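Colleague: Listed below, chain by chain, are the residues.
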Amino acid sequence: MSPSLAPGAVLERVERDVERALRRGRNGLRYAAGTHRPKVGQTPKDVVWQHHKTELWRYRNDDVRHRPPVVIVHSLVSRSYVLDLYPGNSAVAFLLRSGLDVFLLDWGVADAAEAANTLETYADEAIPAAVAAAREAAGTGDLTLLGYCFGGVLSLLACARQVELPVRNLVLMATPVNFHGMQAITNLVREGRLDPDDILDTTGNVPPEVVENAFRLLKPTAEVSQYATLWENLWNDEYMEGYQAMGQWTRDHVPFPGAAFRQTVEQLVRRNALMEGTLELGAKRVDLRAIRCPVLNVVAERDHIVPLPAAEPLPALVGSEEADELRLAAGHVGLVAGRAAAKVTLPGIAGWIIEHSERA
Amino acid sequence: MADKPLWRQVFDAVDRRVAPPVEAGASSDAFGDLFAVSWRVTRRVQRGLERRSRRVLHLLNLPTATDVRRLTEQVAAVQRELREMQDHVPQERDVPERR
Numbered sequence: 007m008s009p010s011l012a013p014g015a016v017l018e019r020v021e022r023d024v025e026r027a028l029r030r031g032r033n034g035l036r037y038a039a040g041t042h043r044p045k046v047g048q049t050p051k052d053v054v055w056q057h058h059k060t061e062l063w064r065y066r067n068d069d070v071r072h073r074p075p076v077v078i079v080h081s082l083v084s085r086s087y088v089l090d091l092y093p094g095n096s097a098v099a100f101l102l103r104s105g106l107d108v109f110l111l112d113w114g115v116a117d118a119a120e121a122a123n124t125l126e127t128y129a130d131e132a133i134p135a136a137v138a139a140a141r142e143a144a145g146t147g148d149l150t151l152l153g154y155c156f157g158g159v160l161s162l163l164a165c166a167r168q169v170e171l172p173v174r175n176l177v178l179m180a181t182p183v184n185f186h187g188m189q190a191i192t193n194l195v196r197e198g199r200l201d202p203d204d205i206l207d208t209t210g211n212v213p214p215e216v217v218e219n220a221f222r223l224l225k226p227t228a229e230v231s232q233y234a235t236l237w238e239n240l241w242n243d244e245y246m247e248g249y250q251a252m253g254q255w256t257r258d259h260v261p262f263p264g265a266a267f268r269q270t271v272e273q274l275v276r277r278n279a280l281m282e283g284t285l286e287l288g289a290k291r292v293d294l295r296a297i298r299c300p301v302l303n304v305v306a307e308r309d310h311i312v313p314l315p316a317a318e319p320l321p322a323l324v325g326s327e328e329a330d331e332l333r334l335a336a337g338h339v340g341l342v343a344g345r346a347a348a349k350v351t352l353p354g355i356a357g358w359i360i361e362h363s364e365r366a
Numbered sequence: 146m147a148d149k150p151l152w153r154q155v156f157d158a159v160d161r162r163v164a165p166p167v168e169a170g171a172s173s174d175a176f177g178d179l180f181a182v183s184w185r186v187t188r189r190v191q192r193g194l195e196r197r198s199r200r201v202l203h204l205l206n207l208p209t210a211t212d213v214r215r216l217t218e219q220v221a222a223v224q225r226e227l228r229e230m231q232d233h234v235p236q237e238r239d240v241p242e243r244r
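Chains as they are written, first to last, in this note's numbering: chain A, 7 to 366; chain B, 146 to 244.
Hints in this document: simulated from the structure, not taken from any laboratory.
Quick caveat: nothing in here was measured; it's all calculated off a predicted structure.
Backbone N, C-alpha and C define an ideal beta-carbon position, used for all residues, glycine too.
Worth double-checking, as some hints may not be accurate.
To be verified - Stretch-level coverage of chain B by chain A, calculated; a stretch enters the list once three of its residues show a Cβ under 8 angstroms from a Cβ in chain A:
id, segment
1, 177–183
2, 213–226
As the list claims (entries may be wrong) - Straight line, CA to CA, 25 angstroms or less: simulated SDA-like cross-link-like pairs of lysine to any residue:
id, chain 1, residue 1, chain 2, residue 2
3, A, K349, A, S104
4, A, K225, B, E168
5, A, K225, B, D178
6, B, K149, A, P13
7, A, K59, A, V115
8, A, K290, A, A346
9, B, K149, A, R29
10, A, K59, B, R214
11, A, K225, A, R85
12, B, K149, A, E25
13, A, K290, A, D130
14, B, K149, A, R345
15, B, K149, A, R308
16, A, K59, A, Q189
17, A, K59, B, E168
18, A, K59, B, E226
19, B, K149, A, A346
20, A, K225, B, F176
Working from the sequences, and respecting the hints, build out all of it.
Modeller: Right under this line is the structure:
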């Protein structure tokens with residue numbers, strides 16, 4: 007008789023399957039009803055600076071062991087709570103536990119009033135003002151700037167255009183610089199099939215549904231796979247918590263301000279201007295070689311939104327003597343959320359930041 | 146792999162075969178062209194419907210989508226001007242708000 011057919015083992019397996027079936031039913035009902043959704047963005051924080059819808063948050067930390075503080079610049083198209091998903095799955099909480107003083111620049115939800123915001127609005131006005139506010143709040147002379155996704159592009163532009171900006175270290179995560187390496191997501195606008203203005207809605211912004219569908223088109227079968235994985239793990243409470251939080255985030259995009267979108271399409275996508283060194287904002291050439299501080303470029307090997315060819319060339323474009331790359335076997339979101347982030351990505355990033363910091 | 150139930154193994158095998166061509170199709174030039182044409186047609190139809198319904202809605206003294214759009218633009222313009230004025234007025238820093 008094989009071990010798996012022993013009466014004890016069979017009974018154990020039946021018990022386990024019955025228990026899982028009951029949990030599946032319970033979790034399925036909860037999921038369908040939309041109850042028991044995990045609360046996102048729960049790490050305690052204070053608003054230390056605000057300008058219109060933009061807010062700079064400082065996360066509370068009684069155990070700051072390293073200076074300077076870290077200011078995270080989030081993307082323009084998604085909600086920043088992906089960086090603070092829920093207790094036990096929070097990039098922000100990880101950085102706090104590492105002894106860092108963490109700030110996060112949140113852009114809020116753009117509406118018609120933000121439709122005229124250009125890349126300069128963010129790179130020349132908001133980021134420098136937030137940097138000044140963070141320095142004042144933390145009482146330090148400089149700081150580490152950490153840009154995620156399009157927030158990385160904005161951070162790059164801010165540092166390149168304001169060379170006097172007191173940024174000691176620059177960390178860029180999943181940041182596209184070679185937009186010709188983003189063939190799939192830029193397919194509709196790159197060669198003029200659609201013009202930026204075709205995509206804007208009545209508020210003058212790119213509607214969040216368009217952003218969401220563009221990401222969905224990159225992996226059209228992913229949603230079906232996710233449902234299969236959901237069914238497989240429906241009994242698992244811990245999995246369900248993560249699935250619901252992540253599912254909420256992936257359906258929770260924000261409008262992309264129209265003027266910034268036009269510049270992104272015309273200059274970054276069509277002319278690949280960051281890569282070619284031809285980007286002009288406000289009639290002034292952007293020279294990434296003006297960036298001299300240590301740079302860490304964090305790239306994800308399985309990133310389907312910002313694939314490797316889009317993010318890899320960054321160290322060669324900046325003027326820093328120290329431009330490191332941290333290459334991780336993760337996806338776009340896996341860099342900041344999930345088990346892989348907690349085990350590999352975040353320790354790597356926190357370690358680099360601490361190496362380039364001093365004891366508080 | 147051995148831990149996965151049989152149905153999942155079958156699903157993954159099918160997904161591995163189906164996903165790459167579907168992804169390639171979704172990022173192809175042909176799909177891009179088709180999508181762009183359908184996007185433009187949808188927009189044109191919406192605008193046509195708006196034009197046709199405008200007269201009826203105005204007869205009933207009801208606002209049209211165009212009216213709402215114009216109002217939104219005007220409110221946004223006023224909001225932007227107000228912000229510009231606010232930016233030129235020195236302000237005291239707010240007391241940190243607890244979250």
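Colleague: Each hint should be assessed against the structure and marked as holding or not.
Modeller: We went through each hint and held it up to the structure:
Three residues within the 8 angstroms Cβ limit are the bar, and the segment 177–183 of chain B against chain A gives 4, so the coverage statement holds. Only residues whose C-beta sits within less than 8 angstroms of a C-beta in chain A count toward coverage, and the segment 213–226 of chain B has 8 of them, enough to reach three; the restraint holds. Between A:K349 and A:S104 the alpha-carbon distance is near 13 angstroms, which keeps this suggested pair within the 25 angstroms criterion. A distance of roughly 6 angstroms separates the Cα atoms of A:K225 and B:E168; the hinted pair therefore holds under the 25 angstroms criterion.
In summary, the hint linking A:K225 to B:D178 is supported, as the alpha carbons are separated by about 18 angstroms, within the 25 angstroms threshold. With a C-alpha separation of about 23 angstroms, the suggested pairing of B:K149 with A:P13 holds against the 25 angstroms cut-off. Between A:K59 and A:V115, the direct Cα distance comes to roughly 7 angstroms. Compliance with the 25 angstroms bound is thereby established for this hinted pair. Of the supplied pair hints, the one linking A:K290 and A:A346 is violated, its CA atoms being roughly 41 angstroms apart against a limit of 25 angstroms.
A hinted pair counts as satisfied when its Cα atoms are at most 25 angstroms apart, and B:K149 with A:R29 qualifies at roughly 19 angstroms. As the CA atoms of A:K59 and B:R214 are separated by approximately 22 angstroms, the hinted pair is consistent with the 25 angstroms bound. Proximity of A:K225 to A:R85 is assessed by CA-CA distance (about 21 angstroms); at most 25 angstroms being required, the pair is judged to hold. Between the alpha carbons of B:K149 and A:E25 the distance comes to roughly 18 angstroms, so the proposed pair stays at or under 25 angstroms and holds.
Of the supplied pair hints, the one linking A:K290 and A:D130 holds, its CA atoms being roughly 12 angstroms apart against a limit of 25 angstroms. Annotation: proposed proximity of B:K149 to A:R345 holds, straight-line Cα distance about 20 angstroms (limit 25 angstroms). With a C-alpha separation of about 22 angstroms, the suggested pairing of B:K149 with A:R308 holds against the 25 angstroms cut-off. Straight-line distance between C-alpha atoms of A:K59 and A:Q189 comes to about 32 angstroms, which puts the hinted pair past the 25 angstroms bound.
Between A:K59 and B:E168 the alpha-carbon distance is near 37 angstroms, which puts this suggested pair outside the 25 angstroms criterion. Pair hint A:K59 plus B:E226 holds up; C-alpha atoms about 15 angstroms apart against a cutoff of 25 angstroms. Among the hinted pairs, B:K149 with A:A346 is consistent with the structure: their alpha-carbon atoms are about 21 angstroms apart, no more than 25 angstroms. With a CA separation close to 14 angstroms, the supplied pair A:K225 and B:F176 stays within the 25 angstroms bound.
The structure fails to meet hints 8, 16, 17 from the earlier list, while all remaining hints are met.
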